[in-house]
Structure formats: structure tokens, C-alpha cells
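*Asks:* Full structure from sequences and hints, please.
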Amino acid sequence: MQDRKPVQSWLTDMDGVLVHEGQPVPGAPEFVNRLRSSGKPFLVLTNNSIYTPRDLTARLSRMGLDVPEEAIWSSALATGQFLADQRPGGTAYVIGEAGLTTALHAVGYVLTDFAPDYVVLGETRTYSFEAITKAVRLINDGARFICTNPDVTGPSVEGALPAAGSVAAMISKATGVEPYFVGKPNPMMMRSALNTINAHSESTAMIGDRMDTDILCGLEAGLETILVLTGISSRTEAERYPYRPSRIVNSVADLLDEV
Numbered sequence: 001m002q003d004r005k006p007v008q009s010w011l012t013d014m015d016g017v018l019v020h021e022g023q024p025v026p027g028a029p030e031f032v033n034r035l036r037s038s039g040k041p042f043l044v045l046t047n048n049s050i051y052t053p054r055d056l057t058a059r060l061s062r063m064g065l066d067v068p069e070e071a072i073w074s075s076a077l078a079t080g081q082f083l084a085d086q087r088p089g090g091t092a093y094v095i096g097e098a099g100l101t102t103a104l105h106a107v108g109y110v111l112t113d114f115a116p117d118y119v120v121l122g123e124t125r126t127y128s129f130e131a132i133t134k135a136v137r138l139i140n141d142g143a144r145f146i147c148t149n150p151d152v153t154g155p156s157v158e159g160a161l162p163a164a165g166s167v168a169a170m171i172s173k174a175t176g177v178e179p180y181f182v183g184k185p186n187p188m189m190m191r192s193a194l195n196t197i198n199a200h201s202e203s204t205a206m207i208g209d210r211m212d213t214d215i216l217c218g219l220e221a222g223l224e225t226i227l228v229l230t231g232i233s234s235r236t237e238a239e240r241y242p243y244r245p246s247r248i249v250n251s252v253a254d255l256l257d258e259v
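The opening residue of the sequence shown carries number 1 in the numbering used here; numbering runs sequentially from there.
Incorrect hints may appear among the rest.
[Unchecked claim] Below, in silico cross-link-like pairs of lysine to any residue (SDA-like), each with a Cα-Cα straight-line distance of 25 Å or less:
hint : residue 1 : residue 2
1    : K40       : I197
2    : K40       : A58
3    : K173      : F145
4    : K40       : S9
5    : K40       : Y180
6    : K40       : D257
7    : K134      : G159
Quick caveat, the hints were computed from the structure, so don't treat them as lab data.
*Replies:* Structure representation (C-alpha cells):
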């Protein structure tokens, strides 16, 4: 691998890296504490747009992870920033939860179902047929189609759940319009995160558990990429991809001495 500058900033995925099935990954609380005490900029990234940073801080705290609100970067926040850059003060019809609606309100967007500039689809556990029908009709009438993330399924204790990517596919089938996905693996998610903490790609590492999102996204954004084996992708699976992470470690516990 090409020699890189020492890591001065850290980006890390949340599910599969710091937590797994509602429990902290062994070594994750210590890793987060080391990040905080080091003074190095860091962000915890998630494609899940359901929760606000405050919600996620509380959820992580219950698992022993002390992550401040300002250190969380979600696909909802990235979507809000993207829309504010593209069309400041615009309007949107939103299918999603508080994480997404709060992010759009924060950038000055008006949420409406009357001739909106955008239809914005995010994650929710209660996808409504009525809301999806409204989205289809608004897109047919000219609204631009945005989706927070392309994940087709999400995890739950009972098994896989259909996620935003699956619902986006249904809306696309009905309208003939493909959405623009803001979240991982779009490298824009990484670049917006870097901008948030004033970090540089050549001295930032991305830690993730998925080759097809975290590692791909970090690679395309020019970051050092570290695959951990506490989530989705295994060492064997990683070898099947045409691209490689900078390195593979068992868990974030192996990175404690580097922070």
C-alpha cells in the first residue's frame, strides 16, 4: 500500500464497528474514550436517518459509549447539507422520521406536500402506502427524487427489515425516476464528514465493517480504509472484491494504540 501520512482524524461506522445487535463491541468503549482524550477530530457515521444525533448519543450512552452529539454524522445530516447547498431554502415532501425532518428544518427547508422541490425518502419503521403513493404522484408532477441511503435491508432482532433502498426501488419502478442517494457508498457522505471536522483525506482513516459501503466510500474519498471483522464482511469475503481495504483488523480494540 502507498505510504500515507499519520492518521490525524478518524471516521468510524457505528453498527458492526462500535455496536453489534444492541451491545457494544468489545474494546469499543475504550476506543471511543481514547478518541475523545486524544483531542483528534472524529465522527461516528451512520446511514440510518431515523434518529437525531441527540437520540443516538442517548442510545450509545446506554451501551457504555460516550459519544457527544457533535461527533455523530448521519445520512440525514448529509442529506440536509446537500439540499441546502443545491437549493437553499427549498421545499420537500419527506417520508422519514425525526432524524430526517429535524435535519431539513435545521437547514431552513419547508416540509410540504404542495409542489415541493424534492421528495426525500429516508428510513422509517412505518412506511405508509398513502405516503408512498403521494411521493409517486409528486415525482410524476416534477419533484426531484432524493433518498438518504441505498441500503435495501436493515437489521432487527427478528431478522432483516426492508429499508430505504427497497422502498426507493418501488417508487422508481412506479415513476421511472431513479433517486440520488446521499449516504454511503456515495463519497459525498465522507467528504461532508471531512468538511464538518475540517479534516483532510490524506490524514484521515475510515473504519468500517462492510466492503460494499464503508470501505468503498472511504476508498473513493481518498481515505485510509480499515475493515473490522465484527460486523458484516469477513476476511474471505473481502478477497472477492476488486478493491481492497488498506488493512484488516479483528476489531477497534486492535487500534487503541494508534489513537
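*Asks:* Hints broken by the structure, by number, lowest first?
*Replies:* Violated hints (numbers, rising): 5, 7; every other hint is consistent with the structure.
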